[in-house]
Amino acid sequence: MTESMPSGAFLKRPSAIAPALKQEQALDLMVGLAEIQVVSGLAKFTFAGLGSCVGVCALDPESNVAGAVHIMLPKSLSGTASDMLGKFADTGIEELVRQMQAAGADVSRMQVAYAGGANVGDIGGKTSACDLGSRNLETITQVLRALRLPVKAADAGGTTGRTLRMSSQTGDVVVRTIRMGEAKLCSLRS
Amino acid sequence: MSKPNSITLDDIVSRTSDLPTFSAAALEVMRMADSSTSRAQDIARIVAQDQAMSVRVLRLANSAFYGMSRKVSSLPESVVVLGMRTVKNLAMVAATYPWMSKPLQGYDLAPMQMWHHSFGTALAAQTLAARSRKCDEQLAFTSGLLHDVGKVALSLWIGEKLKAIVYYAEREGMPFDEAERRILGYDHTEVGEHLGKNWNLPEDVLLGIRWHHQPELCEPYHPVADCVHLGSTISMAMGIGLGGDGLHYAFSEGCYARLGIRVEDMDSISADYVDAFKKYETMFSAMAAA
Chain Y
1477 MTESMPSGAF
1487 LKRPSAIAPA
1497 LKQEQALDLM
1507 VGLAEIQVVS
1517 GLAKFTFAGL
1527 GSCVGVCALD
1537 PESNVAGAVH
1547 IMLPKSLSGT
1557 ASDMLGKFAD
1567 TGIEELVRQM
1577 QAAGADVSRM
1587 QVAYAGGANV
1597 GDIGGKTSAC
1607 DLGSRNLETI
1617 TQVLRALRLP
1627 VKAADAGGTT
1637 GRTLRMSSQT
1647 GDVVVRTIRM
1657 GEAKLCSLRS
Chain H
-6 MSKPNSITLD
4 DIVSRTSDLP
14 TFSAAALEVM
24 RMADSSTSRA
34 QDIARIVAQD
44 QAMSVRVLRL
54 ANSAFYGMSR
64 KVSSLPESVV
74 VLGMRTVKNL
84 AMVAATYPWM
94 SKPLQGYDLA
104 PMQMWHHSFG
114 TALAAQTLAA
124 RSRKCDEQLA
134 FTSGLLHDVG
144 KVALSLWIGE
154 KLKAIVYYAE
164 REGMPFDEAE
174 RRILGYDHTE
184 VGEHLGKNWN
194 LPEDVLLGIR
204 WHHQPELCEP
214 YHPVADCVHL
224 GSTISMAMGI
234 GLGGDGLHYA
244 FSEGCYARLG
254 IRVEDMDSIS
264 ADYVDAFKKY
274 ETMFSAMAAA
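Going down the list, the sequences are from chains Y and H.
Under our numbering, the letters of the first sequence match residues 1477 to 1666, in that order.
Under our numbering, the letters of the second sequence match residues -6 to 283, in that order.
Here chain H stands alone, though its shape is the one from the complex (with noise of 0.2 Å):
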């Protein structure tokens, strides 16, 4: 095996080019979640600080999604009719979609492959939140959308070496994560975490990214990486936006004792998250569109 690479965690952030970035706008409507003085309003006035995002939210909330009968023209009237929390989300939607939806070559993900994932695992986060009870579901949300961030800013380091990851992670019988730390000195979940704070992200948030493969690691223990270690496994189970890691990841049994799922109900919690992932295809054309 090769000396684990020279490049540090900082060089990944500072040297790559093209990086996503996270506006003000976005990074305050996030931490808007924490707050339970947030008034409906104030969303909209931040949101409204970010023209390109604004536009997105307002496409969204007139796509054929939420079937409106009217159309929706402001932003505060996007709050009244679809409530704080579903237009939290579609902000958070707004400002990831145009750098997720592009194709990772470092990863063998296609255009659009990983936005369906981080959306897919979002989705199936946040439900598995409400489900248990233990976890606020926007956190869940956000934490799901984000969580292979890292991967976006590996990529392009990565370059051609993914199959030698692959091989070696399959030959050693380890998860790809560690044949990541093995061979390039860090994983995605690392260099996501590292990217995350840069990007002043709340902790919570963080933890999603940084544990999701290994939530028992997280400490002290926090549902927010179990739900979307979990949710990101139904994701990769139905083929969401699979890349070239594949499946080879370590699954955490703990994590449905710890978020009180029972295991019988896997298959229809699986079932019920494709369709619903189905319905929301409807709203990725519409932010295309935008």
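Same shape as in the complex, but just chain Y (with noise of 0.2 Å):
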């Protein structure tokens, strides 16, 4: 898959971050507003509170390199810091695998899910004007589609509140909302 990668975008940009945690024990760590983190090792990731956001969550299961990023906006604004890169779809999953490959990540044997992308007022049917969710959702999809990125599962859209965790030891991709509580969503291990 990848010899037909797009030109690797994610590859030309120098590393201004650290590199990944190699971990032997489970981390816990929280993916805030506009975070990317990538860890090689055990890792649980936990999104607190979806709501246009966007949480995206990668795993190549035979480096154990997993990585998330919590997108806000679809595209990125001019002037934008180089450590502000996850803010954005369009730079913050290209960033997330730069990292993850950066660890030892191999893009052909990545698994992506993702949670998120609701709007405020998409009720009754009516799409709602302030369509950030929306928007987001479109632009991660053609990032994953330019990318190639298989996208195991999503659970996206309407007006529910998501937490999103992923643990990179199972691969379990877990998401709560207020109705259904947790629920699996997949495994980016099978």
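Please keep in mind that the hints were generated in silico from the structure rather than gathered at the bench.
Backbone N, C-alpha and C define an ideal beta-carbon position, used for all residues, glycine too.
It cannot be assumed that every hint is accurate.
As the list claims (entries may be wrong) - Restraint ranges, calculated between C-beta atoms of paired labels, are given here:
(1) H:Ala157 - Y:Gln1645: 32 to 38 Å
(2) H:Lys271 - Y:Thr1603: 28 to 34 Å
(3) H:Glu153 - Y:Thr1617: 36 to 42 Å
(4) Y:Ser1666 - H:Glu165: 34 to 40 Å
(5) H:Glu70 - Y:Leu1553: 35 to 41 Å
Since each chain comes alone in its own frame, lean on the hints to assemble the complex.
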């Protein structure tokens, strides 16, 4: 799959960020707004309270490199600082992949899942004018397609707030909502 | 659907134990915003009447957020150094943090989540007021800070009903506040307004509380309703203090035109808002210690 990928734009940017942690004991990591977290080894990633934002998780099951990005907005704004690339869908996913590759992941083995992208006002079949969540999801879909990253599962849209968790050990991706409680979305290892 | 609750708004306010209180000093500080004759040192004198609030205001003034080169040791000094408007906002923050930082199980809000959403909405509403130049910034901040106060009172009465209200709202295709009205007989904005009246909050602060989900119904129109509506919407979209009701509210599209804010500017407003909110988080830890 790698040979047919686009020109590998995410490989060109020099790393301004520390190398991924090599972890023997599972780390509990909160992925805050606009943050990118990459771990080589055991980790549990949590995105608390996703509204229109989207939590994207990725795992290379062979190298055990896992990563997550908390995307807030679809398109990067002019003057985006290099440490804020995770804020935007169009820069955040590429940067996540770049950091995972730097930690030893192979993009052709990566599995992806995501959740979030709700809109205030999408009620009773009506589409809200406050469509940030939909625009986030649209850009994420485009970027993932361009990078040829397979999406294992997604829980997105609607008006529900979500908490997303991913364990690099089991590969399990779990989403909590008020209606469903905690429910397994998929495993990035199967 | 079950019959609306027989508990009245008066019952909610009079029979809820552990209801938050608003000290006379905090109320007087809030009122001073409306007076052009307010003098800076009057604020310090009034804040000083409430010892707990004084301690918190000084802690906040000395927090890393303001980056003072030397310690601010008195309220009059804090007014000189930070300015009257900032100290007034700090007094509002100090007056509400103790009860807003508690969990609200009825709305599935963990500790600090109600506080994050309230402060986040206050910050966004203030920014929008400044940008639109159609609403007093401090009014937008105070009304935003208190906009969901009705949830604090309703939380105990909702108990385990939250899931049922969410389910009903989704099934019937209606906003969460409308489902509250159908099932409980009132929504959290009405409870908030009632509680606010009980505290003698200024009328324009009450407008933001009452109409933050339906600003187009605010009659006569007041821009504070739109500032708090859009501020709360941004806060929900960014997932700041999101509860079980999620984002299941109507969005009043007309608020953009009424405030003179361009839709295409909303992404940069949201990005700046989150950066500002993250900086303020350093202040919250100072408050928790107070």
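Taking the hints in turn, this is what the structure says about them:
1. H:Ala157 - Y:Gln1645: 32 to 38 Å: 36 Å, holds
2. H:Lys271 - Y:Thr1603: 28 to 34 Å: 31 Å, holds
3. H:Glu153 - Y:Thr1617: 36 to 42 Å: Given about 38 Å between the Cβ atoms, the range holds.
4. Y:Ser1666 - H:Glu165: 34 to 40 Å: The hinted range 34 to 40 Å holds for Ser1666 (chain Y) and Glu165 (chain H), with Cβ atoms some 38 Å apart.
5. H:Glu70 - Y:Leu1553: 35 to 41 Å: 39 Å, holds
The structure meets every hint from the earlier list without exception.
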